[in-house]
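Position one of the sequence shown corresponds to residue 1 (my numbering), numbered consecutively onward.
Hints were generated in silico from the structure; no laboratory data involved.
Dumping the calculated SDA-like pairs for lysine to any residue here, alpha-carbon to alpha-carbon at most 20 Å:
id, residue 1, residue 2
1, Lys145, Gly3
2, Lys197, Trp155
3, Lys280, Gly46
4, Lys144, Ser8
5, Lys144, Cys119
Since the model is a prediction, treat every value here as computed from it, not as a measurement.
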Amino acid sequence: MGGASSASLPTIGGCTIFTADDAWNSSVANETVNDAWNTKLQALVGAVNIHPDYGPDFGIPINVVPATQTKSTVSFDISDESDPGPYAFPDSSTALLEGGTAASCDGDCHLLSVEQGACMLYEGYGCSYQNGWQCGSGAIFDLKKNSYGQRPIGWTSADAAGLSVAAGVIRYDEAAAGAIHHAIRFTAPCTLPSYVKPASHEAVPSKPPGCPGNPNAVPMGLRVRLDSSFKLSGGSSLAQAVVSAMQTYGMILADNGSSFDFQGEPNAKWNDDQDIEPLKQIPASAFKVVTVPPLQP
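All chains should be built: construct the whole structure from the sequences, respecting the hints.
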């Protein structure tokens with residue numbers, strides 16, 4: 001896989017999001033299609049179109065805090081696979097979470113925070129604030145380094161696959177600038193009790209019915225690429241930038257969820273009709289699984 005140039009690395013809060021050779025920033029435009037795994041994935045998801053899970057009012061926000069931000073102790077449900085911290089999370093009164101705020105959140109309640117200056121990324125899953133931050137799990141990443149290897153093999157993160165969430169989230173500013181220089185996070189309903197790089201953790205869902213033992217289940221960390229021949233009908237330059245990213249960097253399977261849901265940040269500047277809706281015409285069948293590393297464990 002070819003790494004991004006330093007000039008094109010994605011940035012948040014003045015920090016590059018991992019290194020040029022990181023899996024999230026590596027092109028898969030010329031990677032070989034894995035027909036066997038592609039057949040399984042297509043059988044698993046069926047005749048569906050992809051679904052953008054973001055818009056003006058919903059998505060996964062990324063908070064940016066100053067280097068002077070007071071760090072907090074966080075309690076975790078999965079403490080044995082979470083970095084102990086402390087975490088440079090925003091103040092509870094201003095923190096933006098996926099699905100709401102610290103006082104009222106619904107869903108996965110991811111809390112993502114980039115610390116300026118030190119360029120550290122703090123991520124939590126299932127977070128809330130009640131006399132202190134509480135999360136299901138959490139991870140800390142040094143954005144100046146390659147992300148793979150920062151999670152011990154077998155450990156989760158704020159994402160089921162042990163990956164960084166923020167690295168795979170589409171942001172308005174990068175789409176508006178005309179180019180998204182990283183892979184995109186997506187979900188699938190059934191996964192194996194195994195994973196492939198860059199993932200470090202598996203998650204086998206108990207739902208929907210028929211998932212356990214499904215012969216078409218795929219591993220966490222699986223990577224797909226949109227066919228280079230695909231042409232999006234209509235849509236803004238921002239929608240076209242998403243298509244180009246899917247054709248160049250692809251998407252990485254990071255969690256269980258609906259088939260081919262992919263994530264971006266909430267931003268009032270997104271135009272639903274022009275930036276979001278056109279992407280819903282892309283069929284999952286237009287994606288191909290690219291070279292798959294050996295299954296782990």
